[in-house]
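Q: Chains A and B, in that order, give the protein sequences.
Count along the first sequence starting at 1, add 21, and that's the number in this note's numbering.
Count along the second sequence starting at 1, add 644, and that's the number in this note's numbering.
Hints were generated in silico from the structure; no laboratory data involved.
Since we're looking at a predicted model, the values are computed, not measured.
From the three backbone atoms N, C-alpha and C, an ideal C-beta is built for every residue, glycine too.
Don't take each hint at face value.
Said to hold, decoys possible - Footprint (simulated), chain B over chain A, 3 or more residues, beta carbon under 8 Å:
#1 183-197
#2 207-219
Claimed, not checked - Below, a sample of chain A positions facing chain B; criterion: calculated Cβ distance under 7 Å:
#3 Leu-135
#4 Ala-200
#5 Gly-204
Claimed, not checked - The following label-pair restraints were derived from C-beta to C-beta distances:
#6 B:Gln-715 with A:Gln-104: 49 to 55 Å
#7 A:Gly-145 with B:Lys-696: 32 to 38 Å
#8 A:Arg-141 with B:His-790: 36 to 42 Å
#9 B:Gln-699 with A:Lys-210: 28 to 34 Å
#10 A:Pro-150 with B:Pro-737: 36 to 42 Å
#11 B:Arg-764 with A:Val-138: 31 to 37 Å
#12 A:Leu-69 with B:Tyr-788: 51 to 57 Å
#13 A:Val-138 with B:His-647: 37 to 43 Å
What follows is the residue order along each chain.
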Amino acid sequence: MNIQMPRINRIPFFFKNQNLLIQWGIIFFLIITLITLIGPFIVPNDPLTANMSERLAPPSSTYPLGTDHMGRCIFSRLIVGAQSTLGITALVVATVAIIGIPIGLVIGYIGGRLDTVFMRVADGILALPEFILAIAIAGFLGPSLTNLMISIVFVKWIAYTRVVRSIVITERNKDYVQAAKVGGSSSWKIIRRHMFPQIVSPVLVLATLDIGKVILTISSLSYLGLGAQPPAPEWGAMLNDGRPYFQSAPELMIYPGLAIFFVVLAFNLMGEGLRDKWDVKSR
Amino acid sequence: MLHVNSISKTYHSKAALSDISLTVQPGESIGVIGESGSGKSTLGKIILGLEKPEQGDVHFRGSNLHTLKGQALKASRRHLQIVFQDPAGSLNPKLLVWKSVVEPLENFPDVIPSFLKEVRHDRKKMAEVLFQKVGLSSELLERYPHQLSGGQKQRIAVARGISLEPDLLVCDEPTSSLDVSVQAQVLNLLKKLQRDLNLSLLFISHDIAAVQFMCERIVVLKEGLAVDSFLTEDLFSESRHPYTRLLVEMSMEQEYK
Numbered sequence: 022m023n024i025q026m027p028r029i030n031r032i033p034f035f036f037k038n039q040n041l042l043i044q045w046g047i048i049f050f051l052i053i054t055l056i057t058l059i060g061p062f063i064v065p066n067d068p069l070t071a072n073m074s075e076r077l078a079p080p081s082s083t084y085p086l087g088t089d090h091m092g093r094c095i096f097s098r099l100i101v102g103a104q105s106t107l108g109i110t111a112l113v114v115a116t117v118a119i120i121g122i123p124i125g126l127v128i129g130y131i132g133g134r135l136d137t138v139f140m141r142v143a144d145g146i147l148a149l150p151e152f153i154l155a156i157a158i159a160g161f162l163g164p165s166l167t168n169l170m171i172s173i174v175f176v177k178w179i180a181y182t183r184v185v186r187s188i189v190i191t192e193r194n195k196d197y198v199q200a201a202k203v204g205g206s207s208s209w210k211i212i213r214r215h216m217f218p219q220i221v222s223p224v225l226v227l228a229t230l231d232i233g234k235v236i237l238t239i240s241s242l243s244y245l246g247l248g249a250q251p252p253a254p255e256w257g258a259m260l261n262d263g264r265p266y267f268q269s270a271p272e273l274m275i276y277p278g279l280a281i282f283f284v285v286l287a288f289n290l291m292g293e294g295l296r297d298k299w300d301v302k303s304r
Numbered sequence: 645m646l647h648v649n650s651i652s653k654t655y656h657s658k659a660a661l662s663d664i665s666l667t668v669q670p671g672e673s674i675g676v677i678g679e680s681g682s683g684k685s686t687l688g689k690i691i692l693g694l695e696k697p698e699q700g701d702v703h704f705r706g707s708n709l710h711t712l713k714g715q716a717l718k719a720s721r722r723h724l725q726i727v728f729q730d731p732a733g734s735l736n737p738k739l740l741v742w743k744s745v746v747e748p749l750e751n752f753p754d755v756i757p758s759f760l761k762e763v764r765h766d767r768k769k770m771a772e773v774l775f776q777k778v779g780l781s782s783e784l785l786e787r788y789p790h791q792l793s794g795g796q797k798q799r800i801a802v803a804r805g806i807s808l809e810p811d812l813l814v815c816d817e818p819t820s821s822l823d824v825s826v827q828a829q830v831l832n833l834l835k836k837l838q839r840d841l842n843l844s845l846l847f848i849s850h851d852i853a854a855v856q857f858m859c860e861r862i863v864v865l866k867e868g869l870a871v872d873s874f875l876t877e878d879l880f881s882e883s884r885h886p887y888t889r890l891l892v893e894m895s896m897e898q899e900y901k
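Could you put together the complete structure from these sequences and hints?
A: Here's what the structure looks like:
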């Protein structure tokens, strides 16, 4: 087709092309991954060493972003903190997908009473706000990163089960599934061969968008003191540490805040881009 | 070979089928005509064992289809295949078409259809032979359904339907979503395959001309009731049920428009 599309000039160039959205997201993502992986080997200072004579120092050649209230290098803490924040996030999202996807596939395909019971249980869990649940679990088991992860996974898998289940429910009555049944395929084979490929792209989009949310949850719970425990560097915990000094030394909160902001932005860009790319209806 | 004994089925307390009986002999082709909502697709699904009738039973090759379970059900399905109305919906959009075609053959490793004897060990070669059988070029093997035309997709669905060399092929409106020119090609293909493989056909359609071309006997459904049943050559006879005559007149009018 040779239809000349009118040029729209009011949209900035980097939003005009949907693929650019993904490209930017992926570039950010690669930079973040690189920093996370090699960061701990290149940091100028030990992130845990306190040096009370140098507390709240301004940026210098030794301390690129200055020091915090304990005289620790903020730059080093940010870089090493990326590992705990992002590592935990990746682990949480992966665990959630591994639990949520198979359950969604099976209850969506089998349906009936199993489906009803499962979804009522899920509704029950969802009725508890994530934060309250995290606080409760921290109260029972003590505040730590592991318990924080448990509480997030406990609530999050339901979102994956829901998405997968709803796709499977719309797909399972289509003629190609009936044809596979008539052709002698077992339920297991139909789930594996016909249902699974349908859910891959929506789940990837969901996971990418979720990474941003999980980072925020971990950081905010750490900020409340329910996640990473001092002196471990974690962005949310760093925000919390900087709180008493916000008026005199705002950089203590600004740097970890910016780090969270950029990482969440990167994953959201990537998620939105992938969604636009794979959503057949919007093409 | 297939005996349907007075089956009934209701949906939402409305009768979809009431007291339907029919018999299909080996190699015979039976047409089921009716307007949409007459229950003809439900009949097809019940015969395939995809749905259960509330009353009556379906005997296929000597066993009651709806009491079979597990391996026994699977074993009788090998002789009973389907071609659906909408070829776009009957092929998995995310699967290469040749994989859809050989899926039944994967499930029945012991079944060796006469036309696949030499290539039974090789999935891709089997797909190639089946494509030839339905008049498709082997270039199309590595395509996804959305890269093919409706007629091509329907030929692929037919190839899957005959892949196990079944005794009975249920065709649920196999041509009604196709262009008129392509309809004739697919009908010719089905007729040729039926003769070559000695298939029995249960041909469900609202298109009287197609049924007349394909079938030896015709059953007319109206609101879930079998109102008329006759040999195709008696289609224009005076003794036809008024509803059958109405359907014939309507299809004639359409032709001369």
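Q: Each hint needs a verdict: does it hold in this structure or not?
A: For each hint, the structure was consulted:
1. Against chain B, the stretch 183-197 of chain A contributes 3 residues with a C-beta closer than 8 Å to a partner C-beta. That satisfies the three-residue criterion, and the hint holds.
2. Counting residues of the stretch 207-219 of chain A whose beta-carbon sits less than 8 Å from any beta-carbon of chain B gives 6, enough to reach three: the coverage restraint holds.
3. Violation of the interface hint for Leu-135 (chain A) is found here, the shortest Cβ-Cβ separation to chain B being roughly 19 Å, above the 7 Å cut-off.
4. Here the hint on Ala-200 (chain A) is kept, as its CB sits about 5 Å from the closest CB of chain B, short of 7 Å.
5. Proximity of Gly-204 (chain A) to chain B holds as hinted, the smallest CB-CB distance being about 3 Å (cut-off 7 Å).
6. Judged by the Cβ atoms, the range 49 to 55 Å given for Gln-715 (chain B) and Gln-104 (chain A) holds: they are separated by roughly 53 Å.
7. Range check, Gly-145 (chain A) to Lys-696 (chain B): Cβ separation about 34 Å, and the 32 to 38 Å hint holds.
8. Look at Arg-141 (chain A) against His-790 (chain B): about 38 Å separates their beta carbons, and that is inside 36 to 42 Å.
9. Taking the beta carbon of each, Gln-699 (chain B) and Lys-210 (chain A) are about 33 Å apart, inside 28 to 34 Å as hinted.
10. Checked against the hint of 36 to 42 Å, the pair Pro-150 (chain A) and Pro-737 (chain B) passes, with Cβ atoms roughly 39 Å apart.
11. Under the hint 31 to 37 Å, the C-beta atoms of Arg-764 (chain B) and Val-138 (chain A), about 45 Å apart, miss the expected range.
12. Between Leu-69 (chain A) and Tyr-788 (chain B) the beta carbons are some 54 Å apart, a value that agrees with the proposed interval 51 to 57 Å.
13. For the pair Val-138 (chain A) and His-647 (chain B), the beta carbons lie near 40 Å from each other, so the given range of 37 to 43 Å is met.
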